[in-house]
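Using the sequences plus the hints, can you model the full thing?
Protein sequences appear in the order of chains F and P.
Counting from 17, one number per residue, gives the positions in the first sequence under our numbering.
Counting from 107, one number per residue, gives the positions in the second sequence under our numbering.
Calculated directly from the structure, the hints in this document are not laboratory data.
Treat the numbers as computed from the prediction; the structure is a model and nothing was measured.
Note that the Cβ used here is the ideal one computed from N, Cα and C, for glycine as well.
It is possible that part of the hints are untrue.
Computed, partial: chain F to chain P, Cβ under 8 Å [as the list claims (entries may be wrong)]:
#: 1; residue: Val21
#: 2; residue: Thr69
#: 3; residue: Val71
#: 4; residue: Val72
#: 5; residue: Lys92
#: 6; residue: Val97
#: 7; residue: Met101
#: 8; residue: Tyr105
#: 9; residue: Leu108
#: 10; residue: Tyr121
#: 11; residue: Gly122
#: 12; residue: Ile123
#: 13; residue: Ala125
#: 14; residue: Val127
Straight-line distance between alpha carbons at most 30 Å, and here's what the computed DSS-like set of lysine-lysine pairs gives [said to hold, decoys possible]:
#: 15; chain 1: F; residue 1: Lys85; chain 2: F; residue 2: Lys154
#: 16; chain 1: F; residue 1: Lys145; chain 2: P; residue 2: Lys347
#: 17; chain 1: P; residue 1: Lys347; chain 2: F; residue 2: Lys90
#: 18; chain 1: P; residue 1: Lys134; chain 2: F; residue 2: Lys150
#: 19; chain 1: F; residue 1: Lys226; chain 2: P; residue 2: Lys134
If you anchor each label on the Cβ, the simulated ranges turn out as follows [unchecked claim]:
#: 20; chain 1: F; residue 1: Arg129; chain 2: P; residue 2: Val343; range: 35 to 41 Å
#: 21; chain 1: F; residue 1: Glu83; chain 2: P; residue 2: Met117; range: 24 to 30 Å
#: 22; chain 1: F; residue 1: Ile303; chain 2: P; residue 2: Arg191; range: 49 to 55 Å
#: 23; chain 1: P; residue 1: Val343; chain 2: F; residue 2: Ser126; range: 45 to 51 Å
#: 24; chain 1: F; residue 1: Gln195; chain 2: P; residue 2: Pro108; range: 48 to 54 Å
#: 25; chain 1: F; residue 1: Asp212; chain 2: P; residue 2: Ile247; range: 57 to 63 Å
#: 26; chain 1: F; residue 1: Gln195; chain 2: P; residue 2: Leu267; range: 23 to 29 Å
#: 27; chain 1: P; residue 1: Ile240; chain 2: F; residue 2: Gly181; range: 56 to 62 Å
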Amino acid sequence: MNNDVAIQVANLSKYYGQLLAVDHISFTVGRGELFGFLGPNGAGKTTTVRMLTGVVIADEGSASILEYKAGSLKAKQVTGVVPEMANAYADLSGWDNLMLMAELYGIPASVARERGISLMQEMGLYPRKNSLIKTYSKGMKQRLILCMALVSDPEVLFLDEPTSGLDVQSARLIKDLLQSLNAKGKTIFLTTHDMDEANQLCDRVAIIDKGNIVAIDAPEKLRMATSGMHSVEVSFDNMVSPEVLANIPGVNSVKKLGDKYRLYTTNPGELVVSLANYSSSHGLKVISLNILVPSLEDAFVALTEKETEHA
Amino acid sequence: MPETALVREQMRRSLVIARKDIRIYYSKGPVIIFGVLFPVFLFLSFTIGRHLSVDFMIPGLLGMVLFFTATSISPIVVPWEAQARTLERLMSCPVRIETIIVGDILASFAFGVAISLVPIILGLFLGVTISNPIIFALAVILAAFCFASLGPVFSIPPTNLPATINMIASVVKFPVVFISGIFIPLDELPAWGQAVAYISPLTYFTDIARHSIQGQGHLPIAVDLLVLLAFTALFLVVALKLHQKTMPRRI
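Structural data, given as structure tokens:
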């Protein structure tokens, strides 16, 4: 196996009864990469994470973490996991939860204590370390679960929707920590709904829909490669009908947004020239004009809609 | 890592899981009610007013308490953790499914042994004597492990409702108490009753307890110990094998 590869997935599949939840997916994640895994609800994101972390057994295909078979004790030993909707033990304190995890990973007590203090301080939990989890807020619980995933100092970290439903402060703390871990060379596999989060954090993202991977690339490349999703937003001093604007060369489609029009095109530069010509020839004055590049969300919607149409 | 070192490492992690279970589950309502209070009240309701000797009552009380306490935690931990959403976290740690189940069994075993000391001390206080205390202690330990291993067999169905598992466990546990020579000595049972009694592991422990306290039993002690050992092996194999199949389905 290539030493630069942290996660290798080949033809991984999972059935739930007749439903093919994950359909022969293949991809690799490089060492030190922050890899985003995006998809709508029910697309197969969590099932994929569960197969990679050894919680659920794959029906077909194979996967490895570093050089170890996914789900093996060795793979689990080098992996930290923040499962979706996971809880810490409500009847134990934050500190006891953390030390329990350290013991389950076989971390020597002195090392565990040192790491535990440092992690809890970084996540702003240290003053409440001896409080029972049942007294923690949702944000505090999620920060503690991240500490629990990190107490073994794993090489590879899996996070399934780690900031979903959290307050801004907790979400920001978690995102900052992920960036700092990634800067230290940790490989991070991040499942998220949040396009901004993926755009800000991830080196590459995979988009999964109905169990199939529909695209894998850098967020910027995915945005730019979304043909027909570039647009020019324009407003005139007089009313112009959308049908007239649709006939301007280079316009693929028109959407009216209040007193503005968004014109979708494959070539925004040429469209700006055409709009200038149109307005001068029809005696119109351009009030505002903005060139918009597609967001990752646009790319995501376009790719998943294409998959739906294809299906 | 050589297999023996791996087994040692996993055993250490089973002990960590057992310690966690002890801290969390010993004080849970259903454990106290079904594991401690229920067997005591059930026993009292069947013995009060029957003018039975202390030598007859203590082996029965001990058998019942040991059986109920040692099977009170191990069936409910897995469904409880699945319901509380802590199981996925535990399964993603570097522990085998067998390690988790053995940890739950050890917690139940320790609870069974600890609570069984109460009727033993009560018996000694009331003047009971134990002949051959080493064999008696060995029997208590073996029976506690056997009954604790039966617990996870009840929780094999992949439901995440502890109440459902408690119901399944109760359906088995209550008849077992009545066919195991607790209230009626095996020698006084008809032949068919004795045949039914032989399918209960509790029968063999109660028999050893009667040997040790009353000075007489129904079967030779060696047979009782061997059968308890065989039941333990059977429950362990069934629980460990089948939980491997059903535990991932709880997630």
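Here is what the structure says about each hint:
no. : hint                              : in the structure
1   : Val21                             : 21 Å, violated
2   : Thr69                             : 5 Å, holds
3   : Val71                             : 5 Å, holds
4   : Val72                             : 5 Å, holds
5   : Lys92                             : 4 Å, holds
6   : Val97                             : 4 Å, holds
7   : Met101                            : 6 Å, holds
8   : Tyr105                            : 6 Å, holds
9   : Leu108                            : 7 Å, holds
10  : Tyr121                            : 6 Å, holds
11  : Gly122                            : 6 Å, holds
12  : Ile123                            : 11 Å, violated
13  : Ala125                            : 12 Å, violated
14  : Val127                            : 16 Å, violated
15  : F:Lys85 <-> F:Lys154              : 33 Å, violated
16  : F:Lys145 <-> P:Lys347             : 38 Å, violated
17  : P:Lys347 <-> F:Lys90              : 21 Å, holds
18  : P:Lys134 <-> F:Lys150             : 15 Å, holds
19  : F:Lys226 <-> P:Lys134             : 42 Å, violated
20  : F:Arg129 <-> P:Val343: 35 to 41 Å : 39 Å, holds
21  : F:Glu83 <-> P:Met117: 24 to 30 Å  : 26 Å, holds
22  : F:Ile303 <-> P:Arg191: 49 to 55 Å : 54 Å, holds
23  : P:Val343 <-> F:Ser126: 45 to 51 Å : 39 Å, violated
24  : F:Gln195 <-> P:Pro108: 48 to 54 Å : 40 Å, violated
25  : F:Asp212 <-> P:Ile247: 57 to 63 Å : 59 Å, holds
26  : F:Gln195 <-> P:Leu267: 23 to 29 Å : 41 Å, violated
27  : P:Ile240 <-> F:Gly181: 56 to 62 Å : 59 Å, holds
The earlier numbered hints that this structure contradicts are 1, 12, 13, 14, 15, 16, 19, 23, 24 and 26.
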